Amino acid sequence: MSPPLKYVNRLPKSVQAARLLWAIAYYLLFRPTPRWALHGWRRLILRLFGASVGQGCRIDPSCKIWAPWNLSMGDYCAIAANVDCYNVAPITLQTKVAISQRSFLCTASHDISSVLRPLIYSAIRVESHVWVAAEAMIHPGVTLHEGCVVGARAVVLRDVQPWSIVVGSPATVVGIRKVTDKDLLQVPKGEV
Amino acid sequence: MSPPLKYVNRLPKSVQAARLLWAIAYYLLFRPTPRWALHGWRRLILRLFGASVGQGCRIDPSCKIWAPWNLSMGDYCAIAANVDCYNVAPITLQTKVAISQRSFLCTASHDISSVLRPLIYSAIRVESHVWVAAEAMIHPGVTLHEGCVVGARAVVLRDVQPWSIVVGSPATVVGIRKVTDKDLLQVPKGEV
Amino acid sequence: MSPPLKYVNRLPKSVQAARLLWAIAYYLLFRPTPRWALHGWRRLILRLFGASVGQGCRIDPSCKIWAPWNLSMGDYCAIAANVDCYNVAPITLQTKVAISQRSFLCTASHDISSVLRPLIYSAIRVESHVWVAAEAMIHPGVTLHEGCVVGARAVVLRDVQPWSIVVGSPATVVGIRKVTDKDLLQVPKGEV
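Those protein sequences? They're chains A, B and C, same order as listed. Numbering follows my numbering, with no gaps: position 169 of the first sequence is 169. Numbering follows my numbering, with no gaps: position 149 of the second sequence is 149. Numbering follows my numbering, with no gaps: position 155 of the third sequence is 155.
Be aware that one or more of the hints could be misleading.
Since the list gives no way to pick one copy over another, a pair counts as held whenever it fits inside one copy or between any two copies.
[Stated by the list, open to error] Each computed DSBU-like pair below joins lysine-lysine, with the alpha-carbon atoms no more than 35 Å apart:
1) LYS64 with LYS13
2) LYS178 with LYS64
3) LYS178 with LYS13
4) LYS182 with LYS13
Rather than coming from a laboratory, the hints here were simulated on the basis of the structure. No experiment lies behind these values; they were computed from the predicted model shown.
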């Protein structure tokens, strides 16, 4: 076999070191906390590692976060049990976003135009009032626009328009979300 | 942000207390048991917490059950490893039902007509001789009629007709299940 | 209920014994090892249990392998975190294959033409330079031909042609993989 095929994707040493520190903090201070309490403590830990986390966010202790320094959350967001927040590139959640259990926000992929398959990545943005239902998957580079709903188990390859509903694999639009109490939406502009 | 947006879905105190007791029993008495034995013991624990469980049922210790008091199983049913039986509303399995590994029976959702996304739920019923293959997902309110087969990874949004086969996400009918030994089906009527 | 319906699928005693030994070795010697090191040690353990494992393979310690004696890997293959290699029948990976996190290689199923649903199984073959992306599922009997790409979360029911790209559930062809550096492919014929 030609030597290049032995190639293994490697992260810069600085990222490896930061990830090691984060792993230690995660397993000692974050993951062993009880699900129903210590929300503020978990927010604090994430902020110490560079995350921007708004008030009232609830992040389940079983949630996996690849790099807190690539995570930005507005107010009152929720990340549920066993979500995989694979943020090799930045992941941004605006306000009142819910990411349900076992969802997979995936910013990384491989360049398949080479037999070496080098790592590539692209940011994910989730705007305010979006709900990503259980076990959905969001591909690298996707933006979920305001108020849209990603159905359970949906696999989202492309941007989703505001207040639309997508389901399936790959996800397609199946409806428009009609909200009867939109007057409650008094979110200050420019949050996050 | 307007105060209602801070709203967090809360369960009644009585349900919270029951769930806490069940969590303790689950982690001490149910989950640490060996997969290949103590089937009767696990059935007993579930019955003590209000489940109706027929004879010969095999429930894997890694199976997650949200509320045993919302679970009803006929005879000779099997629930495999790491199934998530998320029964906020009742889940009923009739006779000789198999739920394969990592499947997700999901009775709960959110009402997306409100920006507050209040919790909603609806029961799931699985009739006799149904097989839900590995990593399938059943949505709230769905009935799987007698003898149908839900293919691995299928995502079922609507009722499935008797002895039909569905696959895909969302699941669609791909065939009819022809059984060559239906004479073996001598299940007493009215079970479960 | 007629007695046959009480039937439970059972493996031969010899397989049960081998699986018990493997489970002990797995939990004591394989699974507790660190992800970023001891690749050679994990290859050794697998070989001691009958696997054929080429040089440079990286097998994550959280990967589940049902039967090492039914696993054959060429050089420089990678099996990522929490992959379920459910090889009741043989699974063969040729050279430079990547199986990403939480993918499910499933060789077993049930014969649904009988109400007893006896276990059936069929081998999976993954040829050189294939990438199975995260959380994909490969059904029993499938061959993934050289250089193809199975998109994240795809559910593959049928063979995939060489250098093609499939996504979705069920998976369908969405493109041809064009590789710009195919000259690097100097894999000796007949490997694995």
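Consistency of the hints with the structure:
Taking the closest pair of Cα atoms, LYS64 and LYS13 come within 35 Å of each other both inside a single copy (21 Å) and across two copies (29 Å). In the homo-oligomer, the alpha carbons of LYS178 and LYS64 lie at most 35 Å apart both inside one protomer (32 Å) and across protomers (34 Å), since each shortest distance falls under that limit. In the homo-oligomer, the alpha carbons of LYS178 and LYS13 lie at most 35 Å apart only across protomers (32 Å), although the nearest pairing inside one protomer, at 48 Å, exceeds that limit. For the homomeric pair LYS182 and LYS13, the shortest alpha-carbon distance between copies (30 Å) is at most 35 Å, but the shortest distance inside one copy (48 Å) is not.
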